[in-house]
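Starting from the known structure of chain X, arrange chain E on it as the hints suggest.
Residue numbers (our numbering), protein chains in the order written: chain X, 1 to 436; chain E, 1 to 302.
Misleading hints may appear alongside valid ones.
[To be verified] Cross-link-like lysine-lysine pairs, in silico, PhoX-like; alpha carbons within 25 Å at most:
(1) X:Lys428 with E:Lys66
(2) E:Lys65 with X:Lys435
(3) X:Lys234 with X:Lys267
(4) X:Lys416 with E:Lys65
Since the hints were made in silico from the structure, they are not lab data. Keep in mind that this is a model prediction, so the values were computed, not measured.
The primary structure of each chain is shown beneath.
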Amino acid sequence: MKKWSLLLLVLFMAVSTFLAGCSGDSSNSGQSSKGANGATKLTLWTFGEQHAKFFEFMADEWNKTHPDKKIQLETTTYPYDDMHNKLLLSLQSGVGAPDIVDIEISRFSNYLKGKPQLVELNDIIDPVKDKAIQSRFDIYSKDGKYYGIDFHVGATVIYYNKELLDKAGVNPDEIVTWDDFREAGKKVVSATGKPMMTIETDGPWTYWPLVVQQGSDFYDKDGKVILDKDINIKTLTFLKQLLDEKIAIAAPGGNHHAEEYYGFMNKGGAASVVMPMWYMVRFTDYMPDLKGKIIIKPMPKWTADGKRSAGMGGTGTAITNQCKNVELAKEFLAFAKLSKEANIQIWKQLGFDPIRWDVWSDSALKEPNKYTEYFGDYIFDVLMSVKDEINSPTVTENTPKMNELVVQTVLYKVLKEKSMSPEQALKKVADEMRKQ
Amino acid sequence: MQTVPRKRTGNGIIFSQKAAPYIFVSPFILSFLLFFLYPSISTIIMSFQEVLPGETKFIGVENYKKLLNPHFYAALRNTTIYTIWTLIILIPLPLVLAVILNSKAIPGRNFFRSAYFIPALTSTIVVGVVFRLIFGELESAPANTLLKWLGLPPQQWTMHWGTGMFLMVFLASWKWLGVNILYFLSGLQNIPKELYESAEMDGAGAFRKFFYITLPLLKPVVIYVLTISIFGGFRMYEESFVFWQNQSPGDIGLTLVGYIYQEGFMNNDMGFGSAVGIVLLIIVFVINIIQLKVTGAFRKEG
Chain X
1 MKKWSLLLLV LFMAVSTFLA GCSGDSSNSG QSSKGANGAT KLTLWTFGEQ HAKFFEFMAD
61 EWNKTHPDKK IQLETTTYPY DDMHNKLLLS LQSGVGAPDI VDIEISRFSN YLKGKPQLVE
121 LNDIIDPVKD KAIQSRFDIY SKDGKYYGID FHVGATVIYY NKELLDKAGV NPDEIVTWDD
181 FREAGKKVVS ATGKPMMTIE TDGPWTYWPL VVQQGSDFYD KDGKVILDKD INIKTLTFLK
241 QLLDEKIAIA APGGNHHAEE YYGFMNKGGA ASVVMPMWYM VRFTDYMPDL KGKIIIKPMP
301 KWTADGKRSA GMGGTGTAIT NQCKNVELAK EFLAFAKLSK EANIQIWKQL GFDPIRWDVW
361 SDSALKEPNK YTEYFGDYIF DVLMSVKDEI NSPTVTENTP KMNELVVQTV LYKVLKEKSM
421 SPEQALKKVA DEMRKQ
Chain E
1 MQTVPRKRTG NGIIFSQKAA PYIFVSPFIL SFLLFFLYPS ISTIIMSFQE VLPGETKFIG
61 VENYKKLLNP HFYAALRNTT IYTIWTLIIL IPLPLVLAVI LNSKAIPGRN FFRSAYFIPA
121 LTSTIVVGVV FRLIFGELES APANTLLKWL GLPPQQWTMH WGTGMFLMVF LASWKWLGVN
181 ILYFLSGLQN IPKELYESAE MDGAGAFRKF FYITLPLLKP VVIYVLTISI FGGFRMYEES
241 FVFWQNQSPG DIGLTLVGYI YQEGFMNNDM GFGSAVGIVL LIIVFVINII QLKVTGAFRK
301 EG
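Here chain X stands alone, though its shape is the one from the complex (with noise of 0.2 Å):
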């Protein structure tokens, strides 16, 4: 008995300790605590540091206008994959979540699973539904509630080396359909040597964009698996034909986002590449021997009527449901994403075309930034043709995986390795999801 009473006290004198220490910081995180100066304190997780500062540009902007209901916006930045696993277990256990979270599109479904952890925001974005890109909302909602607002449009255009199309003869504005583009590729290949396009085969920003542009998806909108149905088949076969032909090449390193890719295309490696509006970042920061040789077009398109676009990407804002203040966090939201001046900052700043249409014609996107040196100031007029023809994936709970085996077992099999023919391998990564 003794023995076991003096166990008990050093244990209890441990795991007090222990305890302590767990009080002390949960006292320093407690949310609702007001600051010095009477601001309420937000706590925002991101991944990027550009859009951390934006979200901190945008508070200060609130405080400015809405001196009685002060914030102070804690920002912090976490690696990509650090902070989207942060952000589970912290729902999954119930505490340490942030207020507001920028959560990346591909991973979005995952805080849905089960009872979404995530503010429904559905009174802040009704308002202002019918001057939007409405997709942008469907991708991140749940039994007809939003849960995110994006910061983009992520529409999908093609962006050609004006230097190697001349080279060969070849005017962009001739190329309409697809097979406008195999045509012009041959004209590309015979005079320059250089591959038309390059093709990502461990990533999915080349096949997906092209299923989505059709109107075609991996899910359709029941969530249903649609992966291997006819126009998904064709695509690939496709963009397989145009590998077989060497009009394109698969892109070094994989995909548009490796090192060895930016290397590449920034000494004119290919004459094309078919990536969405935010990838404009990507050319002025790492491909700067390409400036002025730049011009941004809509994507070529499939039939006659086809459309030649498709928002792609995205990174859907949340405020959690650990959140102390929701109807401040809302308003502040509402502020930082939705408002008028706030969507023209999402260009100013971060370059990115942002989900209000109804700002794209405004005067102050024409104003010189890095963006319109590098491609010229008609980069919103090219969006503002575009504009009814942007679909936007479907986003299911299982789009994580579905992606992950689209990039490694469909894209590789058939467009690297070479192994399986483009029915095959949609038929089987379709079939192995059907049974999730």
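Just chain E now, with coordinates in the frame of chain X:
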């Protein structure tokens, strides 16, 4: 009257011979309970659950049934082959190098000892970045330049299964060689010199001395290194992570721990991730038990 007994009990607890052992072991017991036993038990429980916020429920052996899929097999195959390669390279090579470095005849042996050990001090992630650049895909990358020099075609190192496995094994060998040399060196220093002297008097050469004295006397160290290498091989994660960040094409770099991470965190399926973890635990446990039985480590000997 009142203060005396209280003082005595106070002293009694602090100086009591019975309490002292408990106080001394309590940090270990506590950290064991908190950071090992509790997580282990909840992993076992979670492996039978579908873990979703607000909707966690038991689903029987559903998670284990899901294990029968090509990705798990790929992970198991990669991990096993990787482990075998590290065993083939990381035991004989350091052993020979340790014997060489232990001999007084080698000039600058202290320099070599530290030179071999330095890689172990660097972070795998940092080294991985450098390795990724060396083994880049372009023809101008250092490794491909070397191949061209030798008249061989350039490789897309991270795109194929064979070269991918080579990268992981190479990185691991480079990093852990020095550590294993260190183990063997410390073992060698415990072998009495008299044995070698008498063997020399009997006319034994360098090879005979190595096989008949060094190897048998190093056996405990070899078994130890073998055991931790098996653990190390099966828990490998960083070597694959630095090259592919968990996104290896065609699962060429998928390891069991990488699979846990992928399913548990990236796809938010903690229950399934736990099941993979439990299976990994069982595999490592069984292999090591067999290995220790075969090598005779359970028999009581020095």
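To see whether the hints hold, each was checked on the structure:
no.: 1; hint: X:Lys428 with E:Lys66; result: holds (16 Å)
no.: 2; hint: E:Lys65 with X:Lys435; result: holds (12 Å)
no.: 3; hint: X:Lys234 with X:Lys267; result: violated (32 Å)
no.: 4; hint: X:Lys416 with E:Lys65; result: violated (31 Å)
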